[in-house]
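So the sequence lines, in the order shown, correspond to chains P and D. No gaps in the numbering here: position 606 of the first sequence is 606 in the working numbering, and each next residue is one more. In short: position in the second sequence from 1, add 1000, done, that's the working numbering.
No lab work stands behind these hints, which were simulated from the structure alone. Heads up, a few of these hints could be off.
[What the hints assert, rightly or not] Straight-line alpha carbon distances no greater than 35 Å define the calculated DSBU-like cross-link-like pairs of lysine-lysine that follow:
# : chain 1 : residue 1 : chain 2 : residue 2
1 : P       : 156       : P       : 575
2 : D       : 1040      : P       : 527
3 : P       : 258       : P       : 156
4 : P       : 431       : P       : 239
5 : P       : 258       : D       : 1040
6 : P       : 156       : P       : 584
7 : D       : 1040      : P       : 239
8 : P       : 492       : P       : 595
9 : P       : 239       : P       : 527
As the structure is a prediction and not an experimental result, all values here were calculated from the model.
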Amino acid sequence: MLASGAIADGDASRVVGPQSYPPTAGRRRIGALVDLVPVTHLTAIDYAVMAMYFVFVLGIGFALRRSTRTSSDFFQSGRSLPPWVTGLAFLSANLGAQEVIGMGASGAKYGIATAHFYWIGAIPAMVFVALFMMPFYYGSRARSVPEYLKLRFDEKTRTLNAISFAAMTIFSSGISMYAMGKLFNLLLGWSFDVSVLVSAVIVLAYVFAGGLTSAIYNEVLQFFMIAFGFAPLVFLGLKSVGGWSGLTARLTEEAVAKGFAPGAYTHAWQGMSSASTNPLGVEWFGLVMGLGFVLSFGYWCTDFLVVQRAMAADSMIAARRTPLIAAVPKMLFPFLVILPGMIALALTSTAGGIIPAKLAANGQPLLDSAGRVVMDFDLATPMLLIKLFPEGMLGLGLTALLASFMSGMAGNVTAFNTVWTYDIYQSHIKKNASDEHYLWMGRAATVGGILLSIAAAYVAGAFNNIMEVLQLVFAFVNAPLFATFALGMFWKRSTGHGAFWGLASGMVGALLHHGLTLPNGSTPGIKGGFFGQLHTYPSEMAQTFWTAIVAFTTCVVVSIVISLATTPRPDAELKGLVYSLTEKPQDQGLSFFQKPATFAALVLAATIALNLIFL
Amino acid sequence: MSGEASLDLRLPIGGLFTVLGIMLAGFGLVTGGNTAMYEKSAGININLIWGVVMIVTGLIFLALARRGAARA
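Isolated chain D, as found in the complex (with noise of 0.2 Å):
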C-alpha cells in the first residue's frame, strides 16, 4: 500500500524546518545590528533565535528519518 512505502513524512518536516531555519537565522545574521528593526520584538533577535530552533528541529526530524530507514 502506499503510506510508509512510498514517503516517510519525518523526511519532507525534517527537510522544511532546516531550509526554513537557515534562512531565518541568516536573515537574522544579516540583520542583527539593526536594533530599529528588533525593537518590535522586545529588542530579541527573534530571527536568529527562532531559526536556530528551527534549525535544530528539522535536524531532529531527519535524523529520525534516516533511523527508521535504516531500521526498515
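Chain P extracted, bound-state conformation (with noise of 0.2 Å):
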C-alpha cells in the first residue's frame, strides 16, 4: 500500500509500496510549504476538462448509491464484479500517483533499470498470487486478508496485522493527499488547504455513497485517464528528442559526463553482477531476492489494498485472473510512466531546464559533493507534461495525476474501513450485530478514515521526521508478511503461535539488521546504524533489500521452530485454508487457452522477452 511518498523520497520505493522498504535517498524535506510563483496556470478550457471529470467521478457514486444496501456490497462489491473491472482496479489501486511520479524521478535518476521494479518485481507476484494463493482467498470467503489469518492462525495474529495495516492505510492516505496539496501548490499556486479538503470532500462523497464498487470503478476510470495522459506525452516526448535512438544517443552522453557504462541509462541489465557498476548501487542477487521475492511477494500477494480488488471479482475463475489480467499492462507501463523521466532528462542534458535543481534550505539550489546541482528528480515528470501539452492537454494530463492522487487516498479508505469493521470492530467491539449496523459502521469508518487522512496529512507536513520514522517501522512491519502467509498456505503444520511469535520476530529482525547497517556515506540516524555499525551497504536500497530478506529468513526460521514446538489444528479444521489440505481448482469446462495457467505462462514470456530487449 502505501506510497510512502515516492514523491516524498524521489525514488522507486512506491512499486512494491513503501510499506515494503524505506525510502531512498534525497527525500525532499517536506517541511514547511514555501510559497512559490506557480509554474504555470490554467486556462477555461483545461477548467472544464477537470470539471468534466468530476462530474463522472461523483455521478459513478451516486448511480450506485442505491444498490449499495447491505455490508456485502459495501465492503466487498457483493463479491459480483467481472475480472476486466477487477483486473484493472487491481493495478490502478497501486498506481497512485506517487508511483506515477516516483517513476517518473526513478526513470530520471536511474534510466531504464527503474524497469525492473515492475518485471522483478511486482509481475512474478502477480501470476503467483493469481495461481497459488486466490484460491484460499476467494475460496476460504474471507471478507479480508486479517481475517485469512484468522481462519487459518488465531485471533492474535489477525489483530497483530489488521491493526498495522489499518494504521498503514491512514498514513498512505495522507501522504497521498499531502503530496498531491504540495505538487499543485507547486504547479498551479493552488492552496494546499483547499486542494486537501476538496480532494477529501470527493472522494468521501463517492466512497460514502457506493463503497467498494465505486472506490473501484474510479479507480478504473482513472487508470483509462492515465493511459490516455500520458500515451501523448510520451510520444511527444520522443518526437521532441528525436525518437528512441535520439534518446538513447543523449542518455548514453549523459551516462559517460556522469561515470556509468555508457549504456547505464538505456540497458536494464548492464552492470548488474556488482553493486557499483549500475546507477542503482545494488547487485543481482539483492534485487532479486530482495525485491524480486521478499519485498514484491510481500506486497502483491498479501497486501489487503490490492487483493480486496480481486476479492470483490463475481467468481473464483475471475478472481484468478484479476491479477493476471493486471500484469499485461503493468509490464507495459514503464514505457507510459519510466521514459517520461527518461526523456525530462535528455532534454535537461540538452536544452537546460526541465527538471529543475532542488533547493536548499536558504532557497538556494542545492550541490552535491562534487559541486555540481542536485535535481528534483519528483519533479520530471510533471515539469515534461507542463513543457510539452499546450492548453487543453495540459488540462487532461493534470486530471489524470489529481485523479490518480485521489483514487490512491479512496483504495487505502475503502482497505481502511473494511478492515476496521470486520476485523477490529466486528471481532472485539460489537459481534453480532445487525448486517444495517456494519452497513452503518462502514460507512461512519468511512468518515474517520478520510477525517484522520487529513490530520495525517497536515502532520506530514508539520513533522517530517515523524513521518520518516512511521514509514520505517512500517517497513519493519511488513517486511515479513510474506513469509507468514507462505507457511500458512502451503506448510500445514505451521501454528497460530508460530505465525504470531515468527511476524514479530522478523519485525525485530528487520529493526536490528537496520539499526547494525549503514548505506555508505550516510551518518548514523533514520538511514540506519543507531545501534552500531556492522555493515555498509553501497546504496540505501540495497540496504533495504537486505533488511527485507533478514526480516523473511527470521520469520520463517522462528516460524517453523515454534511450529513444531506448538500443536497443530487437526487437518480437518484446516480444509479449504492450506494447498495439501484443498482441492486444486479443476478449471474444467475451459479450454487450454482459458486456463489460468496459460494465461500466466504468457505472461512470464511476455516479460522475459521484454527483459531480453533491453538487456
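Now that you have both chains on their own, put them together as the hints suggest.
Here is the structure:
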C-alpha cells in the first residue's frame, strides 16, 4: 500500500509499496510549505476538462448509491464484478500518483533499469498470487486478508495484522493527500488547504455512497485517464528528443558524463553483476531476492489494498484472472511512466531547464559533493507535462495526475473501512450486530478514515521526521509478512503461535539489521546504524533489500521452530485454507487457452522477452 | 447484488471519453491556426488529434455497453 511517498523520497519505493521498504536517498524535506510563484496556470478549457471528470466521478458514486444495500455490497462489491474491472482496479490501486511521479523520478535517476520494479518487482508475484494464493483468499470466503489469518491461524495474528494495516492505510492516504496538495501548490499555485479539503470531500462522497464498487469503478476510470494522459506525453517527448535513437544518444552522453557505463540508462541489466557498476547501487542477487522475492511477494500477495480488488470478483476463476489481467498493462507501464523521466533528463541535459534544481533551505540550488547541481527528480514528469502539453491537453494530463492522487486516497479508505469494521470492530467491539449496523459502521469508518487522513496530511507537513520514522516502522512491520502467509498456505504444520512469534521476530530482525548497517556516505540515524555499524551497503536500496531478506529469513526460521514445538490444528479444520488439504481448482470446462495457467505462462514469457529486448 | 445490475462501467467510461474528446477536438479545431501555442508540442495540434482518438475510444466503450445491455 502505501506509498510512502515516492514523491517525498524521489525514488522507486512506491512500486512495491512504501510499506515495503524505507525510501532511498534524496528525500525532499516536507517541512513548511514555501510560497513560490506557480510554474504555470490553467485556462478555461483545462478547468472544463477537470470539472467534467469530477462530474463523472461523482455521478458514478451517485448511480451506485441505491444498489449499495448490504454490508457485503459496501465492503465486497457483493462479489459481483467482472474480471476486467477487478483486474484494472488491481493495477490501478497501486498506480497512485506517487507511483507515476516516483517512477518518472527514478527514470530520470536510474534510466530503464527502473523497469526492474515492474518486471522483477511485480509480475512474478502477480502471477503467483493469481495461481496459488487466490484459491485460498477467494475460496475461504474470508472478507479481508486479516480475516484469512484468523481462519488459518488465530485471533492474535489477525489482530496484529489488522491494526498495523489499518494504521498504514491512514498514513498512506494522508501522504497521498499531502503530496497532492504540495504538488498542485507548486505547479498551479492552488491553496494547499483547499486542494486537500476539496479532494477529501469528493472522495468521501463517492466512497460513502457506493462503497468498494464506487472506489473500484473510479480506479478503472483513473487507469484509462493515466493511460490516455501519458501516452501522448511519451509520443511528444520522443518526437522532441529525436525518437528512441535520439534518446539513447543523449542519455549515453549523460551516462558517460556521470561516469557510468555508456548504456547505463538505456539497458536494464548492464553492470548488475556488482553494486558499484550500475546506477541502482545493488547487485543482482539483492535485487532478485530482496525486491523480486521478499518485497514484491510481500506486497502483491498479502496487501489487502490490492487483494481486496480480486476478492470482489464474481467467481473463483474471475478472482484468479484478476492479477493476470492486471499484469498485462503492468508490464507495459514502464513505457508510460518511466520514459517521461528519461526524456526529461535527456531534454534537460541539452535544452536545459526541464528538471529543476533541488533547493536548499536558504532557497539556493543544492550542490552535491562534486559541486554539481542536484536535480529535483520528483518534478521530472510534471515539468515535462507542462513543457510539452498546450492548454487543453495540459488539463487532461493534470486531471489524470489529480485523479490518481484521489484514487490512491480512496483505495486506502476502502481498505481501512473494511479492516476496521470486520477485523477490529466486529471481532473485538461488537460481535453480533445486524447487517445494517455494520453497513452503518462502514460508512462511519469512511468518514473517520478521511478525517484521520486529513490529519495525517497535516502531520506530514509539520513533522517530517515523524513521518520518516513511521515509514521505517511500517517497512519493518511488513517485511516478514509474506513468510507468514506462505507458511500458512503451504505448510499445514504451521501454527498460530508460530505465525505470531515469527511475524514479531521478523519485525525485530528488520529493526536490528537496519540499526546495525548503514548505506555508504550516510550518518547514523534514520538511515540506520543507530545500534552500531557492522556493515556498510553501497546504496540505501541495497540496504533496504537486505533488510527485507533478513526479516523474511528470521520469520521463516522462528515460525518453523515454534510451530514444531506447539500443537497443530487438526487437518479437518484447515480444509480450504492450506494447499495440501484443499481441492485444486479443476478449471474443467475451460479450454487450454482459457486456463489461468496458460494465461500466466504467456505473461511470464512476455516479461522475459521485454527483459531480453532491454538487456 | 449490486455490481452488474446497477451500472455497467463501460457506460461512464465511454461517456466521459466521448465528452472529453469532443471538448479537446473542438478546442483543437478552434485553436488550429495558433502556431505559437502548438510550438511546445513539436508543431502538432495534439488537442485535435488526441481529441479524435478519445472520441473513437469513447464510442467503442459505448458500443460495447450497448451490446452488453442487448444481450442481458
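Contradicted hints - numbers only | 2, 3, 4 and 9
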